[in-house]
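Engineer: Please work from the sequences and hints to get the whole structure.
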Amino acid sequence: MTELTLGRVTADRDRLLRLLQQYGVYAGVVVLLLANTVFTPHFLSAENFRTQAVQVAPVLIVALGMALAIGSEGVDLSVGSVMALSTSLISLYLGYGPWIAALAAVIGGIVVGCANGALIAFVGVQPIVATLALMVAGRGLALVLLPQLKDVRDPGMAALGSGDVLGVPYLVLIAAALALVVAFVVRRTTFGRQLLAIGDSRPAARLAGLPVRRVLIIVYVCSGALAAIAGVLATARLTASDPTSLGTLMELSAITAVVVGGTPLSGGRVRIGGTVAGAVLIQLLTTTLIKHDLPPSWTQIAQAVVIVLAVYAARERGKR
Amino acid sequence: MTTDVQDTGKAAPSVNPPDEEPPGASRSERLSTLAQQHGALVTLVVAMVAASLSFDTFLTGDNLENMAVSSAFLAVVALGMTFVIITGGIDLSVGSLFALGGVLAAWGSRYGTAVALLLPLAVCGLIGLVNGVLIARSRLAPFIVTLAAMLGARGLMLAVTDEGSQTYLVDKDTFFATLGQGRLLGIGVPVWITVALFVLGAVVLRRTRFGQYVYAVGGNEDAAALMGAPVARTKIAVYTLSGLCAGLAGALNAAWLVSGVTILGSGMELEAISAVVIGGTLLTGGSGFISGSLVGVLLLKVIQNVINQIGSLDSAYQQVVSGAFLAVVVIAQTWLGRRRRVL
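Chains as they are written, first to last, in the numbering used here: chain A, 1 to 320; chain B, 1 to 343.
Hints are not guaranteed to be accurate.
Simulated restraints, written as ranges between beta carbons of each label pair [stated by the list, open to error]:
| id | chain 1 | residue 1 | chain 2 | residue 2 | range |
| --- | --- | --- | --- | --- | --- |
| 1 | A | A158 | B | A114 | 53 to 61 Å |
| 2 | B | R110 | A | Y96 | 20 to 28 Å |
| 3 | A | P147 | B | M227 | 25 to 33 Å |
| 4 | A | D14 | B | M227 | 48 to 56 Å |
| 5 | A | R13 | B | R233 | 22 to 30 Å |
Quick caveat, the hints were computed from the structure, so don't treat them as lab data. Glycine residues also receive a C-beta, built at the ideal position from the N, C-alpha and C atoms.
Structural biologist: Right, dumping it as structure tokens:
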């Protein structure tokens, strides 16, 4: 049809969109940083950077697990409820010490992840429905265990939430360490390769003899465990357990971070660096709008536009 | 599986409407089909009988009326969702559109009933249309497009209501308020509207060309396109329809509450999807029916009602039971579906 005449133009447009998809998120972060440096008073302070980083840490940790789930051509909607469940378990087991409580919370996340994984891998339920069921039930369970907000008075927890090493908060260190671990797992381990192969084409992976079910279960266990860790950290930072509101809409923030970071929803690719930048981008965007006294409704609309742009760029890449 | 090729009158090759079994179907095959399609109805009847035996207050007029009216709004949302899910898609924006529709209706009610109804329908229908165009023409994933629409619509709703601090009221004496509060033959008007919409929806889905296209697109998009079905237009239509349904449900709800409450609708998309799935519509697309979604909605509401009646149980158990129930249903459906394929 018009391919001959438009060949060059489409190729250029294609390259542009590919660049946009791969590096757009980093460019967005840089632009927002520069713009804020110029236009926002008191933006360039260590204190402000600390605040931003501490706020983004739990979202980032959840997004790491979400990136694995999306890379396997799935999704995990239960992450917000897992955070709520984890905060309830902390309150329940705090009497045995903060470590035991945190361990109980992570075990709770792993159990939810096992249930997700079993439904998806063995029963063959679509990820969106399986994790939806666990999302509803998980939030309910969290509220059954701890019906209302409760203060967490524990020096260990408080130290975890507000302590730092050389000025870098523990929360940020933990998030960074987890991001490095997940990036290593995705790029350098057999499990990572298997995960990407399954996300690319599950039938092909099965025919190639990959342990599809085992890998899928591990993916959702990782996602559950990471969400639980995020729940522990959020509880430590707030020094309170609030199973009603902790983690609500977290699945959306995490999916946004992953998608904006250039991981395609069709699976087979995981971009951890992009996910980190995606989480930071959303955080910066929110801060920028709030610091300039724009109402929260704008933040949501802006976030919606960013998501659509990100998937639109990813689409062109996928079609090639 | 090749026994019924003489059935050329059907627009969709991959569709076996529930009442037309292939002639070679064995008894157990028929049983699993039946269980998959009518399991929800049987469960609903059992649950209602058990509830009325256990609680004196369950089978009273007030309680039934309450359940019917509170089911009506979710049911209208689930109606649109059923069309979307049969095409193999999903619409996560309905909860936000429900809230937006309610707020717009309450705001518009001061200019008369027509504005109160048309404004939410126009705005929510337009957002649904945009969803459909992005999904069908730009080939973006329904999940992510409607997710963005969910955020965008909620943002829009907050912008309209001064960040959620403004609650518009509906004048009780207007005709619009009657649509929510009025009664006809002792039954609330929203219930009548819902029943009428479901009858209409069932006719459209089963007896019109558009309905057959919906099944065909969900059954196999490529095959549908090769047969000449307007795939993109059908998809755009179902997402627009879902937006319209959500907006209308929101408007009716606002009329019922006589105010545009801004905190409603979060999590509603999940309830609607649960209801549709429980009603026997497969998320893989190409198969499902309208009446099942109504049964699914009623079943969810009966579960909620029973848990409310057990006063000692916290309302959080509602969620645990609903979630567990959804899991059981999808496990059963997958199992039954697999059985049918093997046999």
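Engineer: Against this structure, judge whether each hint is valid.
Structural biologist: Going through the hints against the structure:
{"no.": "1", "hint": "A:A158 with B:A114: 53 to 61 Å", "in the structure": "holds, 59 Å"}
{"no.": "2", "hint": "B:R110 with A:Y96: 20 to 28 Å", "in the structure": "violated, 59 Å"}
{"no.": "3", "hint": "A:P147 with B:M227: 25 to 33 Å", "in the structure": "violated, 55 Å"}
{"no.": "4", "hint": "A:D14 with B:M227: 48 to 56 Å", "in the structure": "violated, 32 Å"}
{"no.": "5", "hint": "A:R13 with B:R233: 22 to 30 Å", "in the structure": "holds, 26 Å"}
When held up to the earlier numbered hints, the structure conflicts with 2, 3 and 4 and fits the remainder.
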